[in-house]
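**Student:** Residue numbers (full-length UniProt numbering), protein chains in the order written: chain S, 1 to 386; chain W, 1 to 386; chain F, 1 to 386; chain A, 1 to 386.
For the record, the hints were derived by calculation from the structure and aren't laboratory data. Please note that the accuracy of each hint is not assured.
As the list claims (entries may be wrong) - In the DMTMM-like style, the derived pairs of lysine to aspartate or glutamate whose C-alpha atoms are separated by at most 25 Å in a straight line are:
| # | chain 1 | residue 1 | chain 2 | residue 2 |
| --- | --- | --- | --- | --- |
| 1 | W | Lys31 | S | Glu334 |
| 2 | A | Lys116 | S | Glu322 |
| 3 | F | Lys31 | A | Asp100 |
| 4 | A | Lys31 | W | Asp328 |
| 5 | F | Lys236 | W | Glu307 |
| 6 | W | Lys31 | A | Asp100 |
| 7 | W | Lys236 | F | Asp161 |
| 8 | W | Lys363 | A | Glu360 |
| 9 | S | Lys102 | A | Glu111 |
| 10 | W | Lys363 | A | Glu334 |
| 11 | W | Lys102 | S | Glu12 |
| 12 | A | Lys116 | S | Asp328 |
| 13 | S | Lys102 | A | Asp328 |
| 14 | A | Lys363 | W | Glu207 |
| 15 | W | Lys363 | A | Glu322 |
| 16 | A | Lys363 | W | Glu372 |
| 17 | F | Lys236 | W | Asp157 |
| 18 | F | Lys102 | W | Asp157 |
| 19 | W | Lys31 | S | Asp99 |
| 20 | A | Lys236 | S | Glu207 |
| 21 | W | Lys102 | S | Asp258 |
| 22 | F | Lys31 | A | Asp99 |
| 23 | W | Lys61 | W | Asp316 |
| 24 | S | Lys363 | F | Glu318 |
| 25 | F | Lys363 | S | Glu334 |
| 26 | A | Lys102 | F | Asp377 |
| 27 | S | Lys31 | F | Asp161 |
| 28 | F | Lys363 | S | Asp343 |
| 29 | S | Lys102 | W | Glu207 |
| 30 | S | Lys31 | W | Glu111 |
| 31 | W | Lys102 | F | Glu322 |
| 32 | F | Lys31 | S | Asp328 |
| 33 | W | Lys236 | F | Asp343 |
| 34 | W | Lys102 | S | Asp110 |
| 35 | S | Lys363 | S | Glu334 |
| 36 | S | Lys102 | S | Glu82 |
| 37 | F | Lys31 | A | Glu318 |
| 38 | S | Lys102 | A | Asp258 |
| 39 | W | Lys116 | F | Asp328 |
| 40 | S | Lys102 | W | Glu307 |
4 protein chains.
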Amino acid sequence: MTTFDDIAPQLEHQAIEVPSWAYGNSGTRFKVFGSPGTPRTVEEKIDDAATVHRFTGLAPKVALHIPWDLVDNFSALRRHAEDQGVAIGTINSNTFQDDDYKLGGLTHHDEAVRQKAIDHHLQCIEVMYATGSKDLKIWLADGSNYPGQADMRSRQDRLADSLQRIHAELDAEQRLVLEYKIFEPAFYHTDVPDWGTALLHVQALGENAVVCLDTGHHAPSTNVEFIVAQLLRAGKLGSFDFNSRNYADDDLIVGSADPFQLFRILFEVIRGGGYEPDSGVAFMLDQCHNIEKKIPGQIRSVLNVQEMTARALLVDREALAEAQQAGDVLGAHETFMDAFYTDVRGDLAAWRESRGLPAEPMKAYAASGHQETIEADRVGGTQMSW
Amino acid sequence: MTTFDDIAPQLEHQAIEVPSWAYGNSGTRFKVFGSPGTPRTVEEKIDDAATVHRFTGLAPKVALHIPWDLVDNFSALRRHAEDQGVAIGTINSNTFQDDDYKLGGLTHHDEAVRQKAIDHHLQCIEVMYATGSKDLKIWLADGSNYPGQADMRSRQDRLADSLQRIHAELDAEQRLVLEYKIFEPAFYHTDVPDWGTALLHVQALGENAVVCLDTGHHAPSTNVEFIVAQLLRAGKLGSFDFNSRNYADDDLIVGSADPFQLFRILFEVIRGGGYEPDSGVAFMLDQCHNIEKKIPGQIRSVLNVQEMTARALLVDREALAEAQQAGDVLGAHETFMDAFYTDVRGDLAAWRESRGLPAEPMKAYAASGHQETIEADRVGGTQMSW
Amino acid sequence: MTTFDDIAPQLEHQAIEVPSWAYGNSGTRFKVFGSPGTPRTVEEKIDDAATVHRFTGLAPKVALHIPWDLVDNFSALRRHAEDQGVAIGTINSNTFQDDDYKLGGLTHHDEAVRQKAIDHHLQCIEVMYATGSKDLKIWLADGSNYPGQADMRSRQDRLADSLQRIHAELDAEQRLVLEYKIFEPAFYHTDVPDWGTALLHVQALGENAVVCLDTGHHAPSTNVEFIVAQLLRAGKLGSFDFNSRNYADDDLIVGSADPFQLFRILFEVIRGGGYEPDSGVAFMLDQCHNIEKKIPGQIRSVLNVQEMTARALLVDREALAEAQQAGDVLGAHETFMDAFYTDVRGDLAAWRESRGLPAEPMKAYAASGHQETIEADRVGGTQMSW
Amino acid sequence: MTTFDDIAPQLEHQAIEVPSWAYGNSGTRFKVFGSPGTPRTVEEKIDDAATVHRFTGLAPKVALHIPWDLVDNFSALRRHAEDQGVAIGTINSNTFQDDDYKLGGLTHHDEAVRQKAIDHHLQCIEVMYATGSKDLKIWLADGSNYPGQADMRSRQDRLADSLQRIHAELDAEQRLVLEYKIFEPAFYHTDVPDWGTALLHVQALGENAVVCLDTGHHAPSTNVEFIVAQLLRAGKLGSFDFNSRNYADDDLIVGSADPFQLFRILFEVIRGGGYEPDSGVAFMLDQCHNIEKKIPGQIRSVLNVQEMTARALLVDREALAEAQQAGDVLGAHETFMDAFYTDVRGDLAAWRESRGLPAEPMKAYAASGHQETIEADRVGGTQMSW
């Protein structure tokens, strides 16, 4: 029987990267709702990320998105972050918002557009050198809407070439992290729709090329934790984009749609060594707080990951292995569920307090008056959005 | 054996309503791409609809969306349309783009917001009286993103009340058409997610309340033609929003993703009497031409409907019934497929020509220079978008 | 704040109907595995159901399936059940295993086959009179595999007629419960695929015709709790067939695939009055224990329903309503989740003990030696199967 | 503009492998319907396969399933096939119908069971040597039904080891073909659920290990033709199991559910070189004729593949490439659709006749009296089934 005290030490090193864009306004194709207190500058986004870290101790890094987070002086931005107690994490490229990318970027049939997309990634790598970021994450919006519109095969060849040229600019400490997504914004085919495709590309690039698994980027019914186990076994799981979905890439708060799935995913992460401090697996959020407040939305999210990590650590793996080895279907399942059903919230609150953190971060944030302050202060300017 | 000549007379009365918003810019949450020649005014959108009709003879009506198509003088707009050879069709309401509607409209827990949403529909009804439109189509973006966020049950009660108050303002010739959608922009629940829910509401309203079936608004694997048959049998199929989907509500060109599905749907429409001139079923498009040119995109769409209607009419229903009655699985299926596999394009071209229309509308449009003209003329102003 | 003591009284009247067929062998089209201790007679199946009730206090009724559970003397079977401490519940008809039903039963194009299917239901009604059962549950395997194979529309008409003739034989105390299912064994269309279709048919029959919701019979991504709310609002939710699914109609142990979904469903049941003692909603299991032991599989299942019912009852509905009314998205969601995350297992164990039941039924069953006894005793004969 | 005459030569080498099991009875978990004329012996199954080839010229090989097709003398069986004009194709293993395989075969935690499963494959390899078959196809039913039931990670390790030991027994001319499937008969996880997993395993084995793509084994919404393109690009597409699905692994007649998908798949096959005579891609059917007659069901199937191959060959690839390179979305799509919409049936009938085959194989088979003959002759004995 594993107890909270047994697992508490393993909670120490948990670190979740939050995305700068989660603090800006987001929405659906139908409407992006504004909300009071939304950052107007990259610095204010970093401030919000730092606030999440201050209340939870869980979010020491913030991921940037280029060009959304372009600033003149990235060294200054890095110092600003450090002053707030956080570091710059993954750099995310963006080849989906320029008119030239209407029919693709790194896969584009027009060499000029493709070169532009490659150059954009080289610029991202410069940002990495300036900020100390180690990961370049590439999510492609590339794809097509109509059968016949594009030649899927040659696009793969061009993608391979583009990635190689980008990868060549990374040093050995830096990583290229390739994300896959089944659909959206393209609606017939996407050029990296599944983990198999991402795997083939990073295999071709080398050791420091890995895959990013966004939990909302799969077909309905996909067993996501299996893919986690598989990528870990292949040594190719680079990072997570955590969020929840019920239908498509809904980008909801992680753990809100199916907490048991989050538990299963984290169990496989632990099982496969991905939770070890040196595993190289980066835990990131990628969410859209379309209707809820953004800072508490992020606090809720990192807490959900922490709570489910604790539950997953609580699985009595010895008893589990024994039941599995005995072919005891119900017994093994029950051992697994026991951990999931264990309410760790009280223990976690005490543990947080013992480390100088608020016992209940959501309540502490609400009571802090911080939200009211930023809503009052951040008036004028243009709210950041995507 | 049914021949093209047998069915040609039935093609005469085919009429497809095109949506004004198809001519404006649209896109995904990631990007709305602009395109040269896009209308800057409601009048220019109507001109584009009229162009589609001129080249195809298939699109005599254009649906409006309020407030996107709000003008000061709807009588003048009506005359403008008539001068171009088209009429104003369905009026679509919009309760998803005002900040007040963040958590709902006709279902909102705040009576003030709900009243505002109701009032918006009364304004739409005024537009109907001014334009001669007979149908008020209501698609609700209402729903919630998180379990517990909203009380689904009381929202149904409020929706029923809202609809009743709107319906009360319609005269006996006018119809309330309620659309359903499984998700988006809400990602946990929507308040009218399926045809069963829409049915219950229109049953409560009365004879002149009917359901709109958007072909892209269902869960994966849903047999859409079965729902068509069912709604026709219940006397409650009011209209179609035609489009194609591969994943979610992709709003692609109708017939482009699965032409056989379009064939099956049109077969059930015909089978159930929905293609009869007096059936009351309105055939509408609801699409987004995110990356393709909009006018030829619409021409392609109405042609797809026409071609599949012709194929569906070609089904030898006598032979089919005989095989079905004999329990001849392969024989009945083959009779059905025979019609689908028949290439009607040559016959249709000749038939169009005989009626003074271009034999091949896509080629005729391309050759006409119209696209170049509007691209050159429509410079300055603000492109219409949603 | 709602406590376990507040809700304990409401647990008293919980009653879950177990299916006789869960104790027989089941499997997939690939293989039905036998298992030691499987009943050879209807009586032994009832004994197993009674065992589940003895260990849990939750399963006072057992549903029968005709012809699987045909016996010469149903009065004797009823007495046998009563002697074991359980009652006969719902009678399930079966029109999918006779060669005549290859192309349908109640919808069949051949009047002789259709009459045979109707007559089978009249026989079921006789069993109801003999056993005191109040519910006739009809699940149709009817459908087609190929487009064109069958005339979907006339099948609806024949179904309506068949149901009317069956319904006419029920007395006012008895109910016709119509189940829907999206697919399987038919793979193109099924004749009652969704709740909307089931609703139309039971509306046509009258007050004592209601719908059965099997939690595994929906398209991927369907919000099942919404349908629960909707059917309750319409007064047409007759019963549940509980089970779990990941992909299709997997018929797994209820709550095993997505415990949070079970929580949400039970919350809507309670919210809509369906958990009231006089609600008329019957809670049934419909599962296949293909690889796990059957009696403990059923014990696990009824416990899962009980545990999630307790959690759902724990929702602080006053606080929830307040947060909902305030438009507090995160607050309302958190109130909802608080109940789900509360570990009720200890309280439930104590509560069971206080009522003379085993604190931990799974352990008590394992320790009882009952499984070993039936495995030793039930040798020879033919194991019941479907 | 590509014409039928241009492509006719490429139709010459088309060869589709038919499965012996398609001629036996099959069904769902609910019922396997028998049908008159069903083979009682392996030889009769081969006779039926030969009949399909005689009427179509398309099916020169028949795949076997071990142990379903176990005979004492495989050399004699091979001669029997050759006498009928067909050859023995792929050998399919089966580790899902023995009681020992309840919890797995090649992945089993019990070394004795795993060894048995490996040994079964060695037996299959012996059959390959005896029959001249070059392909060993492995589809695993392995998986689990409940989270926690099995250790997914160590099962991968055992699978890799099992495959290596099997692969070691093949000679350089023989291939190991690994099939993937998202679910069924396992309902929580399967050990080879997707092409990525299959790819990793065959990569580890070597050149003569390849992947089998069953068109019905994917999650809803999966773009199957993309996977075809991807596996061809990686040099790892070994064979197809063709069939149709609407929901799960429905195993319907290929092309019946979505003919346009079949067209798109065949286009990518051609585009990627998979249709070249020396490509090594084997085209197989894997279907269940649950309710339709089996021989004409197979004839219909191979004709569907032929008709869609012809349409796919008709794509004007030069015009297509030009439109794609010009970024002409609608033009490229239209060029693609032009081929799909072309009715090739008349040309194919003439072409068949010119080669001494029946112009219309379905009609010819119906007129031949063959079905009546086997129904009259094949009385007594036990119908083959699975």
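**Student:** Could you grab the alpha-carbon distance between Lys236 (chain F) and Asp157 (chain W) and see if it respects the 25 Å cut-off?
**Tutor:** holds, 16 Å
**Student:** Given the hinted pair Lys363 (chain S) and Glu318 (chain F), is their Cα-Cα distance within 25 Å?
**Tutor:** Distance of about 19 Å is within 25 Å: holds.
**Student:** Hinted pair, alpha-carbon criterion (25 Å max): Lys363 (chain F), Glu334 (chain S). Please report holds or violated.
**Tutor:** The hint holds at about 11 Å.
**Student:** Please work out if Lys102 (chain W) and Asp258 (chain S) have their alpha carbons no farther apart than 25 Å.
**Tutor:** holds, 24 Å
**Student:** Taking 25 Å as the top limit, are the C-alpha atoms of Lys102 (chain W) and Glu12 (chain S) close enough?
**Tutor:** violated, 39 Å
**Student:** Between Lys236 (chain W) and Asp343 (chain F), does the CA-CA distance stay at or below 25 Å?
**Tutor:** Measuring from Cα to Cα gives roughly 47 Å; hence the hint is violated.
**Student:** Within 25 Å, alpha carbon to alpha carbon, are Lys363 (chain S) and Glu334 (chain S)?
**Tutor:** Cα-Cα ~33 Å, so violated.
**Student:** Take a quick look at whether Lys31 (chain F) and Asp328 (chain S) sit within 25 Å of each other, Cα to Cα.
**Tutor:** holds, 20 Å
**Student:** With a cut-off of 25 Å on the C-alpha distance, tell me whether Lys102 (chain S) and Glu307 (chain W) pass.
**Tutor:** violated, 30 Å
**Student:** Is Lys363 (chain A) within 25 Å of Glu372 (chain W), Cα to Cα?
**Tutor:** Violated, because 53 Å separates the two Cα atoms, which is more than 25 Å.
**Student:** Has the given pair, Lys102 (chain S) with Glu82 (chain S), been kept, meaning a C-alpha gap of at most 25 Å?
**Tutor:** violated, 37 Å
**Student:** Please verify whether Lys102 (chain W) and Asp110 (chain S) have alpha carbons no more than 25 Å apart.
**Tutor:** Cα-Cα ~41 Å, so violated.
The earlier numbered hints that this structure contradicts are 1, 5, 6, 8, 9, 11, 14, 16, 18, 23, 27, 29, 33, 34, 35, 36, 37, 38, 40.
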